[in-house]
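Q: Residue-level listing of the chains:
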Amino acid sequence: MVTEHEVKHIAELADVGIHKEELETFTHQFNAILEYFDTLDLVRGVPAAEDGLVNILREDEIEPSLTQEEVLRNAPAREDGFIKAPRVM
Amino acid sequence: MAGHTLTFEPADPYHAFLTTCSRPEHGHGPLAGVPIAVKDNISTKGIETTCASKILKGYIPPYDAHVVTLLRKAGAAIAGKTNMDEFGMGTTTENSAFGPTLNPCDTGRVPGGSSGGSAAAIAGGMVRMALGTDTGGSIRCPAAFCGIAGLKPTYGRVSRYGLIAYANSLEQIGSMGKTVSDVATLMGVIAGHDRRDSTSVDRPFAHTPKGEIKGLRIGIPEEYFGPGVDPEVATVVRKAIDRLVELGAVTVPCSIPSMQYALAAYYVTCTSEASSNLARFDGVRYGGPAPDTKKSWHEAYQDVRREGFGPEVRRRIMLGTFALSSGYYGKYYAKAQVARQNVKADFAHIFAGVDVIAGPTMPSIAFRLGEKSDPLSMYLADILTVPANLAGIPAISVPCGKVRGMPVGLQIMGKHFEDERVIDVAHAYEQAVI
Numbered sequence: 001m002v003t004e005h006e007v008k009h010i011a012e013l014a015d016v017g018i019h020k021e022e023l024e025t026f027t028h029q030f031n032a033i034l035e036y037f038d039t040l041d042l043v044r045g046v047p048a049a050e051d052g053l054v055n056i057l058r059e060d061e062i063e064p065s066l067t068q069e070e071v072l073r074n075a076p077a078r079e080d081g082f083i084k085a086p087r088v089m
Numbered sequence: 001m002a003g004h005t006l007t008f009e010p011a012d013p014y015h016a017f018l019t020t021c022s023r024p025e026h027g028h029g030p031l032a033g034v035p036i037a038v039k040d041n042i043s044t045k046g047i048e049t050t051c052a053s054k055i056l057k058g059y060i061p062p063y064d065a066h067v068v069t070l071l072r073k074a075g076a077a078i079a080g081k082t083n084m085d086e087f088g089m090g091t092t093t094e095n096s097a098f099g100p101t102l103n104p105c106d107t108g109r110v111p112g113g114s115s116g117g118s119a120a121a122i123a124g125g126m127v128r129m130a131l132g133t134d135t136g137g138s139i140r141c142p143a144a145f146c147g148i149a150g151l152k153p154t155y156g157r158v159s160r161y162g163l164i165a166y167a168n169s170l171e172q173i174g175s176m177g178k179t180v181s182d183v184a185t186l187m188g189v190i191a192g193h194d195r196r197d198s199t200s201v202d203r204p205f206a207h208t209p210k211g212e213i214k215g216l217r218i219g220i221p222e223e224y225f226g227p228g229v230d231p232e233v234a235t236v237v238r239k240a241i242d243r244l245v246e247l248g249a250v251t252v253p254c255s256i257p258s259m260q261y262a263l264a265a266y267y268v269t270c271t272s273e274a275s276s277n278l279a280r281f282d283g284v285r286y287g288g289p290a291p292d293t294k295k296s297w298h299e300a301y302q303d304v305r306r307e308g309f310g311p312e313v314r315r316r317i318m319l320g321t322f323a324l325s326s327g328y329y330g331k332y333y334a335k336a337q338v339a340r341q342n343v344k345a346d347f348a349h350i351f352a353g354v355d356v357i358a359g360p361t362m363p364s365i366a367f368r369l370g371e372k373s374d375p376l377s378m379y380l381a382d383i384l385t386v387p388a389n390l391a392g393i394p395a396i397s398v399p400c401g402k403v404r405g406m407p408v409g410l411q412i413m414g415k416h417f418e419d420e421r422v423i424d425v426a427h428a429y430e431q432a433v434i
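The listed protein sequences correspond, in order, to chains A and B. By the count of this note's numbering, the first sequence reaches residue 89 at its end, each step adding exactly one. By the count of this note's numbering, the second sequence reaches residue 434 at its end, each step adding exactly one.
Treat the hints with care, since some could be wrong.
[What the hints assert, rightly or not] Okay, the calculated beta carbon distance ranges per label pair:
{"id": "1", "chain 1": "A", "residue 1": "His9", "chain 2": "B", "residue 2": "His349", "range": "14 to 24 Å"}
{"id": "2", "chain 1": "B", "residue 1": "Lys57", "chain 2": "A", "residue 2": "Arg44", "range": "38 to 48 Å"}
{"id": "3", "chain 1": "A", "residue 1": "Leu57", "chain 2": "B", "residue 2": "Ser326", "range": "27 to 37 Å"}
{"id": "4", "chain 1": "A", "residue 1": "Lys8", "chain 2": "B", "residue 2": "Lys57", "range": "26 to 36 Å"}
{"id": "5", "chain 1": "B", "residue 1": "Pro253", "chain 2": "A", "residue 2": "Leu57", "range": "42 to 52 Å"}
{"id": "6", "chain 1": "A", "residue 1": "Leu66", "chain 2": "B", "residue 2": "Lys402", "range": "45 to 55 Å"}
{"id": "7", "chain 1": "A", "residue 1": "Leu53", "chain 2": "B", "residue 2": "Pro30", "range": "32 to 42 Å"}
{"id": "8", "chain 1": "A", "residue 1": "Thr39", "chain 2": "B", "residue 2": "Arg404", "range": "26 to 36 Å"}
{"id": "9", "chain 1": "A", "residue 1": "Asp51", "chain 2": "B", "residue 2": "His193", "range": "50 to 60 Å"}
{"id": "10", "chain 1": "A", "residue 1": "Glu6", "chain 2": "B", "residue 2": "Arg368", "range": "27 to 37 Å"}
{"id": "11", "chain 1": "B", "residue 1": "Thr199", "chain 2": "A", "residue 2": "Glu6", "range": "33 to 43 Å"}
{"id": "12", "chain 1": "A", "residue 1": "Arg58", "chain 2": "B", "residue 2": "Pro231", "range": "29 to 39 Å"}
{"id": "13", "chain 1": "A", "residue 1": "Arg87", "chain 2": "B", "residue 2": "Gly327", "range": "46 to 56 Å"}
Worth flagging that the hints you see were computed from the coordinates, not collected in a lab. Owing to the predicted nature of the structure, the values given are computational and were not obtained by experimental measurement. Ideal Cβ placement from N, Cα and C applies to all residues, glycine included.
With the sequences and hints as input, model every part of the structure.
A: Following this line, the structure appears as structure tokens:
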């Protein structure tokens with residue numbers, strides 16, 4: 001069982017936020033789903049390595065790509081040819 | 001290539017489309033002048049692509065998905081973008097931020113999902129073919145509910161470049177059509193290698209459906225006719241399989257023991273992948289509105305994502321975040337991967353003795369609008385479609401009759417890269433009942 005407090009914490013960790021009025025329903029639904037996930041307790045063992053798979057690598061070559069204007073076109077906040085983002089520090 | 005235009009102005013009483021292109025260009029080729037509807041999670045240069053989410057409202061992709069490039073090369077006209085469950089998360093198309101699509105067979109019912117708009121556009125007679133995507137049944141479910149045909153190809157056979165990702169290890173772009181022949185024609189255009197998708201395999205599709213199935217061995221898994229499957233649906237599907245037997249096929253009873261935890265494994269895997277994939281939507285580079293740059297990073301992103309994502313998308317991101325968190329990883333994600341290997345092993349075991357596996361596509365007919373308001377009960381409806389995604393095998397749904405006036409789908413699953421064979425079996429059935 002997860003509590004409302006934990007559900008709020010998960011919402012914060014995932015940066016999705018949660019409305020106060022959603023918290024009770026979300027917690028209830030979350031617990032019902034997690035209870036269903038418990039059927040995985042029937043599964044024994046640890047994941048085996050995939051056989052026969054190898055990394056596929058390519059040369060690091062410069063190719064034509066989008067222009068700065070094309071890249072910026074969908075950004076809702078721009079300044080002097082840059083994308084504006086919230087402060088990190 | 002382009003140069004000609006056609007007029008595409010359907011009335012759309014079912015809200016199948018989020019965007020229509022009234023004068024789309026088209027060129028020469030196998031699909032010359034054929035209007036094709038494209039699900040709204042597939043990037044189309046210059047045409048708004050929202051994934052039916054508020055967070056991408058107004059987003060105009062600067063490039064085409066590989067499949068859209070191939071459609072244009074084949075002469076097709078991109079007719080518009082179809083409605084869906086937000087980011088593909090749902091089984092009814094009710095999770096669209098822009099309102100649900102209605103089922104053309106009964107407008108009081110859902111068209112299925114998540115590719116509900118594509119299915120309704122075909123069933124409603126607006127287009128003959130459409131692209132959908134299938135992560136856990138999102139092509140086959142709406143195909144079954146709306147009475148059309150839809151193929152989830154073998155994983156890797158169709159490039160995912162330009163598909164806005166939700167759960168990369170499970171999802172495939174596939175073709176939907178009025179008939180199995182339409183599905184095959186469209187598959188012929190979109191399949192093949194693309195170096196921009198690292199999981200793409202060089203297996204083009206050049207196959208005309210054949211109706212000959214004499215001697216074909218069909219596995220009938222008991223779990224597909226067990227508890228939870230509407231007995232009337234099961235009866236209609238059994239009759240369809242009898243028809244295949246009349247055409248010369250042989251049935252072989254079988255069992256998929258891993259079905260007992262396949263659905264849980266699917267939901268743990270897809271929500272985990274979603275929690276990572278959807279981290280990119282923050283309103284900074286695209287979508288929006290722009291985060292408040294005066295607030296701290298986490299606070300600003302939470303504001304954008306709480307308002308921009310619907311409840312089901314936030315629920316799945318949270319479930320995935322939880323399933324991957326330290327202390328729970330072994331209980332959920334690691335177990336889900338073992339379960340997934342067991343599903344693959346069960347299929348390999350069955351396919352050693354049969355050519356295809358058949359059963360219902362969905363355990364019921366289309367739900368009434370609003371009927372599945374509880375998320376878990378909606379998840380449970382995916383039980384018969386998710387095994388093919390976990391194993392990466394091809395699966396098609398073809399209409400096989402009606403229950404209480406609503407269409408029922410017959411699902412045919414095949415071995416890896418035997419998309420041609422599942423198409424042949426579906427075609428044989430379709431030809432026999434016309």
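Q: Take the hints in turn and mark each one as holding or not.
A: Now for the hints, and whether the structure bears them out:
1. A:His9 to B:His349: 14 to 24 Å: violated, 43 Å
2. B:Lys57 to A:Arg44: 38 to 48 Å: holds, 46 Å
3. A:Leu57 to B:Ser326: 27 to 37 Å: holds, 31 Å
4. A:Lys8 to B:Lys57: 26 to 36 Å: holds, 27 Å
5. B:Pro253 to A:Leu57: 42 to 52 Å: holds, 46 Å
6. A:Leu66 to B:Lys402: 45 to 55 Å: Roughly 49 Å apart at Cβ, these two residues keep to the hinted range, so it holds.
7. A:Leu53 to B:Pro30: 32 to 42 Å: For Leu53 (chain A) and Pro30 (chain B) the Cβ distance comes to about 34 Å; the hint holds.
8. A:Thr39 to B:Arg404: 26 to 36 Å: holds, 31 Å
9. A:Asp51 to B:His193: 50 to 60 Å: Violated: the Cβ-Cβ distance is about 23 Å, outside 50 to 60 Å.
10. A:Glu6 to B:Arg368: 27 to 37 Å: holds, 34 Å
11. B:Thr199 to A:Glu6: 33 to 43 Å: 35 Å Cβ-Cβ, so the 33 to 43 Å window holds.
12. A:Arg58 to B:Pro231: 29 to 39 Å: For Arg58 (chain A) and Pro231 (chain B) the Cβ distance comes to about 53 Å; the hint is violated.
13. A:Arg87 to B:Gly327: 46 to 56 Å: The hinted range 46 to 56 Å is violated for Arg87 (chain A) and Gly327 (chain B), with Cβ atoms some 31 Å apart.
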